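Work out the full structure: start from the sequences and follow the hints.
There are 2 protein chains.
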Amino acid sequence: MLKGETDKQMTFPENSIGIVEPQYFVDDAPFPLESGAILPSITLAYETYGRLNQERSNAILILHALSGSAHAAGVHADNGDSVGWWDECIGPGKAFDTNRYFVICSNVLGSCYGSSGPMSIDPQTGKPYGLNFPVVTVGDMVAAQIKLIDYLGVDKLLCVAGGSMGGMQVLEWAAHHPERVKAAIPLATTAQHSPMLIAFSEVGRQAIYADPAWNQGDYYDQPQKPDAGLAVARMVGHITYLSEMSMQEKFGRRLQDIEKFGYEFQTEFAIESYLKYNGNKFTRRFDANSYLYVTKAMDYFDLSAECSSLAAAFVNATAVKFLVVSFTSDWLYPTYHSKELVRALTAVDADVTYLDIESSWGHDAFLLEVETMTNLLGSFLDRLSREEQVTKPLPLEMLAAEEH
Amino acid sequence: MLKGETDKQMTFPENSIGIVEPQYFVDDAPFPLESGAILPSITLAYETYGRLNQERSNAILILHALSGSAHAAGVHADNGDSVGWWDECIGPGKAFDTNRYFVICSNVLGSCYGSSGPMSIDPQTGKPYGLNFPVVTVGDMVAAQIKLIDYLGVDKLLCVAGGSMGGMQVLEWAAHHPERVKAAIPLATTAQHSPMLIAFSEVGRQAIYADPAWNQGDYYDQPQKPDAGLAVARMVGHITYLSEMSMQEKFGRRLQDIEKFGYEFQTEFAIESYLKYNGNKFTRRFDANSYLYVTKAMDYFDLSAECSSLAAAFVNATAVKFLVVSFTSDWLYPTYHSKELVRALTAVDADVTYLDIESSWGHDAFLLEVETMTNLLGSFLDRLSREEQVTKPLPLEMLAAEEH
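From first to last, the protein sequence lines are chains A and B. Under this note's numbering, the residues of the first sequence are numbered 18 to 421, in order. Under this note's numbering, the residues of the second sequence are numbered 18 to 421, in order.
Heads up, some of the hints might be wrong.
Identical copies go unnamed one by one, so any copy, or any two together, can satisfy a pair.
Capping the alpha-carbon separation at 25 Å, the derived lysine to any residue pairs in SDA-like fashion look like this [what the hints assert, rightly or not]:
hint : residue 1 : residue 2
1    : Lys298    : Glu375
2    : Lys298    : His93
3    : Lys173    : Ala336
4    : Lys277    : Glu323
5    : Lys409    : Arg73
6    : Lys267    : Pro351
7    : Lys242    : Lys293
8    : Lys144    : Asn232
9    : Lys267    : Trp348
Since the hints were made in silico from the structure, they are not lab data. Values in this document were obtained by computation on a predicted structure and should not be read as measured data.
Spelled out as structure tokens, the structure:
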């Protein structure tokens, strides 16, 4: 639906795609997982923005990070504050220009925003799976996305793009399904989750396990949820998404709502207040079990695991065009991870553009450096569209005419 | 007591000072704290190694980090495994050469290794203080140490030395009690706890608060202690003491005791196993409330807070000789913190030697780069001893002879 069409009372951010509707793709076929387990069926929550062109060659799949959802752009009709997580880059005239591209985003398997995950009902028991939901991998997430784009009638994606865990999915697409993508944009990511990344994941999981309300994942019908543990996990995560520099700039040693030290165990510094606020806020929107599943999938991710080298993982991806982006102050997915990736891609003669963007925002930069990202993504997609002769979708009026 | 004197069965590390005895200094005078609160008395656990010279000019005070104790060197008679935390640098012929120097180390106020802290008995109730123990600062820790060296008959310390929080105490000594120290060795530290450091502290505290067994700090007579929360806090800390590089070298993506992924929520990676092991081990030796107190003291630490600049904080310390050391891969107390310190010291014309040591060990490097540290500390102390004409302590035989 386009901007302002249904609800004249809602105000949208500039160039917003407007009101968007969550959709659900259900595939009732048994879905085999990398672990060997089989899901009896899968559901993927997804959204689309813009329209397919006649050749079905203008589809872009956006892939979200750890706590993301299918809601990447626009606003949900029932909540004017629900702006999509990458709204600044997806919309009319934006980096992912919805006047030109058909943009798709789906919630990953294992998550809690409408796709199959530990909160889903286990048909065998009629209750939420909890820890009975099988462990999924980034490969499984992408296998499910393939079902979705099949369903949407897209044979080959113009591009897959995403940052952090989204970038891992991008790399999974390119390495294992290169025939389905023309271009890949991995942002602030890695081809192999490092021990430091695993360590931070595990601390988050341990914080959840340590919460008695977690109850081995069986809490959906309990009055108390493992919010305390999940909040701690999120606080740890939040620190890793920032940089020392951005924390200095944003918070410094400023006190929050007090003039001087209280000499008590209370929230005193602004940075403490920020972390606590975000930790608590997160518990209202995310599921503790999903946090376990999604971080586990990230930890398992290692494209080079079954190859002689990282380059070997991309041996079939030589026709894919890559735009690799890292950020100078990202210490969680440091620049050298991207450089290793670029070296591997170069070794197999893939078409790679690489940029290490100067930014003080740390890992979050891929969401915050909007102007730089807009220019960069925009010109990459321009070039790609020219080279691939991607046509614009037909104007709505013409589509309507055709239906007569 | 010297090596092998008492227990022929114990074997000591090479050049160990041998069996050492914990001692306790009790000052029954009311002890005013920076907060305005007053402790009715203080106890400091301490140890000493080597002997004072005739001029009482060869005393070195070693200052420990967050979870350290007074037991910096040697072995306790009742536990042959209890090697002191800086044994590799303190002993006969080592960096802090106990043949030449009288080395003192005491447990900080607020900690749980024998000094006054939340585990101490509150004389008003006859029970452990818990959260009724007043919040202490790095300044309070040092004020208590001054009482101790007064008691030990040391008017002026040859040197104060320590890393991390130990380094903060070093800087506190130099800035606020320059008349009591000739030299200061702050290692891998900062003059101002940064928001990132506060953030990691706070996450650790939140993990403890989140544990129901913490019970507002009132758990000493309970069967269950807040071990789960404390373990999570320690795991977070442990990550920050390492570097991405050292984790890669030490653990990589190696699995622990399994051949392949189990697709379960268990400890699978070696790094997970390491963190969990260390988190749990920590709960057997450290007190959760003390973790709160000591991290809070670190967060409050900011030498420049009441000055126009950091340099102004050292305006009375121009006679102190500084050896400032940072480590290239320490991202918790990054090099630039030490450089700021050096700039401030240089601005007031202090005598500063600065070294940024190339190391892949992260923050822990100050404990692990033994050879480099031995050479560096050794030659700094050599120069200092020459300049200050520090004599050796009398040999034991002569002391014995003098007593006749």
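Homo-oligomer pair classification [Arg73, Lys409; C-alpha up to 25 Å]: Cα proximity of Lys409 and Arg73: one copy only (10 Å, versus 87 Å across).
Status of Trp348 relative to Lys267 across identical chains (alpha carbons, at most 25 Å): both (18 Å within a copy, 19 Å between copies)
Intra/inter-copy verdict for Lys144 and Asn232 if alpha-carbon distance must be at most 25 Å: Within one copy only: 15 Å inside, 33 Å across.
Homo-oligomer pair classification [Glu323, Lys277; C-alpha up to 25 Å]: Between copies, since 12 Å is at most 25 Å while 56 Å is not.
Identical-chain pair category, Lys298 with His93, by Cα at 25 Å: within (19 Å within a copy, 49 Å between copies)
Status of Pro351 relative to Lys267 across identical chains (alpha carbons, at most 25 Å): Classified as both; 21 Å inside a copy, 19 Å across copies.
Alpha-carbon proximity between Lys173 and Ala336, which holds within one copy, between copies, both or neither at 25 Å: within (13 Å within a copy, 73 Å between copies)
Intra/inter-copy verdict for Lys298 and Glu375 if alpha-carbon distance must be at most 25 Å: The answer is neither: 30 Å in one copy and 41 Å across copies each exceed 25 Å.
Identical-chain pair category, Lys242 with Lys293, by Cα at 25 Å: both (17 Å within a copy, 24 Å between copies)
Figure legend: structure checked against the earlier numbered hints; the only hint not met is number 1.
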